[in-house]
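Student: These protein sequence lines map, in sequence, to chains D, G and V.
Just so we're aligned, residue 29 is where the first sequence starts under my numbering, counting upward by one.
Just so we're aligned, residue 84 is where the second sequence starts under my numbering, counting upward by one.
Just so we're aligned, residue 700 is where the third sequence starts under my numbering, counting upward by one.
What the hints contain is simulated information worked out from the structure, not anything from laboratory work.
Mixed in with the good hints, there may be bad ones.
Keeping only pairs whose Cα atoms sit at most 25 Å apart, straight-line, the calculated SDA-like set for lysine to any residue is [said to hold, decoys possible]:
{"no.": "1", "chain 1": "V", "residue 1": "K782", "chain 2": "V", "residue 2": "K839"}
{"no.": "2", "chain 1": "D", "residue 1": "K267", "chain 2": "V", "residue 2": "G721"}
{"no.": "3", "chain 1": "D", "residue 1": "K294", "chain 2": "G", "residue 2": "Q146"}
{"no.": "4", "chain 1": "D", "residue 1": "K223", "chain 2": "G", "residue 2": "Q415"}
{"no.": "5", "chain 1": "V", "residue 1": "K839", "chain 2": "D", "residue 2": "H97"}
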Amino acid sequence: MEEAVKSVVPENEEYVINMGPQHPSTHGVLRLVVSLKGEIVQNVQPHIGYIHRGIEKMCESITYPQIIHLTDRMDYLSAHINNEAVCLTVEKALGIEVSDRVKYIRTILSELTRIQSHQLFWATFGMDLGALTCFFYGLRDREKILDIFEETCGGRMIVSYNAPGGLMNDIHPNFQKRTKEFIKYFRKTIHEYDKLLTGNVIFQERTKGIGRVTREDAIGWGMTGPVGRASGFSCDVRKHNPYSAYDRVTFNEILYDEGDTFHRYKVRMDEMLESMNIIEQLIDNIPEGPWTEKMKPVIKLPEGEYFQSVETARGELGVFIVSDGNKNPFRVKFRSPNFVNLAPLNIMSKGSKIADLVAISGSLDLIIPDIDR
Amino acid sequence: MEFSIYDFSSFTAWIDSSLRASMSPGWATAVEWIIIGVAILLFYAVVGLFLVYAERKVCALMQNRLGPNRVGPGGIFQTIADLIKLLFVELVPIKNADKILFNLAPYIVIIASFMAIGAIPFAKGLHAIDLDIGIFYLMAISSMGVIGVLLAGWASNNKYSLIGAMRSGAQIVSYELSVGLALVTMVVLAGTMQLSEMIEAQRWGWFIFKGHVPAVTAFVIYIIAGTAETNRGPFDLAEAESELTAGFHTEYSGIKFAFFFLAEYMNMFIIASIAATIFLGGWMPFHIYGLDGLNKVMDFIPPFFWYIGKTFGVVFLMMWLKWTFPRLRIDQLLNLEWKYLLPLNIFNLLLMAFLVLKGWHW
Amino acid sequence: MEKKQLAAIAASHAPGAVVTEGLQFVEISVEPDQLLKIAGALKYNRETLLDLLVSVTGMDWGQELGTIYHFRSTTFNHMIVLKTRVSDRENPEIDSLCSLYNAAEFHEREVYDLLGIKFRGHPDLRRLFLDSTWGFPLRKDYKDDINIVAK
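Start from the sequences, fold in the hints, and give me the full structure.
Tutor: Dropping the structure here:
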């Protein structure tokens, strides 16, 4: 604890507060040691590592298909997208081209994942700011997506549905029908979200102008995802380096200029609508074909280094695999978006009040297991 | 000895006469005090328990879930179960805390709200103290609760409790101004501060209709300021900042915490009943001058139920506010009061005075 | 921009470094003492404009330790990889890129935490996930009898 307090170095009138690892508003085990002068935040030092499981070290002793199951547990709200990232890297290394059916299904599931992650963000962000009803409404709607996942992939949150070469199994016959029903339902319900929170004066007063990040700062600190796009940094991997079926759909990249908490929230709201548009373009046209390519029983990547980035709900996830020809990778590195988004928390909240710190860290939408890996 | 539920004065007169017949006047008065005290205590406890249960059910209704539904039929014994649990909680003694003040603080808060309940008219004839400065007395008594809050924060020997108590105290004192001015606006309309006279004056129209524009404004301001004064709803930063500082009642556990908790709900009830009395007519049914049929139907419902209905309507409104809106930050809260509500209030008061002078009310 | 073209431009700004065309990106291997200069040159010149640091990967190559940097340009959307190796396993030191990229702060702390590579000029080099009593887990010769089950 002394080390932690020293890291904040309070001067004479400052006092140190610990928003400890167990906390209602830091979503996960994040410890923030905050030095305050009265009400104003002087210095925020995040302490992480409470859920460091050594995923990168573990990957060096398991086979490539087994890595998929570990990536589920990093950013568990974008589980499907994490799996897709590793599968794409392995397929790129082996030079395999998956069938169109697989690409379409992967894209549809990724967009459903993105919607449910943003629903949870809405639920917890409202709860952090005191509008406790938002939590129940967001989770009620999220349950519908989780039911679709459970039917097709076998798991609600931890899906592990992708495999190198394609999918683990074909989709359930009900998948298309249920997804279309969900989209019809959610298009009506999302207006409730706007009425409840976005248009509320109290909410706007608490989020507009708080925690501003300029575009240069966003690039300098490497902030991607909705956080970067709210500051005007166009960083959507689905647009710049398209993968799976993203080059066949038309959608907008949501960009705002102001970079404050309100626009970070607004980007995610608009992204949910865009995701629904993408799903609607794909859901009726899933082509027939094999749901997996023929792969060797033991996957060995040729020697070399392979990098693939995908757009998770929180930013750009980069998977970097260094292989020396064996069935276990030599080194796997996950460039996680939350890790990079956490770093500027100190700069963003210097000079703001304590209640704003909660709003800012809520709007960054951090998932701590993704930071710690 | 005709008892009627439409007019309790015959019932109270009967108790009074039978007591005086059997003992000396001094003893009779003392026994009457005891009866009133016990009755108010019982009322306090029952309404408090009911309000906690109602809050959980209303909150669940808005959050698309059921709320307590296992303990007793429909969950009505839930609060009693919570109360029994609280009684068994270990009372953690605080080192270096001022023991007298620490133990005194919850009692001050409870006593302040008790005394306020004593002055509220529940039905015709069911009015414990009918002071001729009724409103003034109510405002003064509810200000006493602040002392309990500040004492609790100070005596806890915990810098976070102190900060929370200071914030609560600042908030309560600021919003008392708005509450007071809103009530004064209605006093201008009524011409008297005595509560029973105010209710009588609303026989042919509740004040919120009689005073139209300024009365509605005063009602809205009163609801907002009343919610803020009881640290509820969108203004509960001081205690819901269990994000950071856990408010002034961190160090209290068990029955003392139950006192603070109960006092908060009862304060909400008092604010709601004052609103019902002054703006909505108290126990007076809804009459329209000239429509005798309607008036007869309205009179059929006993005044006590009118009062309960109106008060719980306002309570529901306050709970609705709490579960819908996010919280205000402390500086936004104080801004709201000093920069917006107070000037609006003063302007409204002048408007009402102008209206009364010109006779433009109904 | 074509990889060949990009490789030629990169080579012109990185004297003394080995520029190859990898499977996906242009890869430049530099000596540790040239790292800061070359990274700065690549960041600020008009043709490459690498203003986004995507990731910093610490590597243990068996005999040597090293880092691999992935840079991307937000204007041209190309990616260049910079690699460096240090042969001293007891006391490895590499220059920090914090003066060029703010994002390097957390990335380099992580590399220091898991591999033990110190970064000269880092404003606040502390361990990130683990406390000061742990060794450096990502090294290939890291032994932990309790937590790691050796096959």
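Student: Hint by hint, say whether it matches the structure.
Tutor: Each hint, compared with the structure:
no. : hint                 : in the structure
1   : K782(V) with K839(V) : holds (19 Å)
2   : K267(D) with G721(V) : holds (24 Å)
3   : K294(D) with Q146(G) : holds (23 Å)
4   : K223(D) with Q415(G) : holds (22 Å)
5   : K839(V) with H97(D)  : holds (23 Å)
The structure agrees with every numbered hint stated previously.
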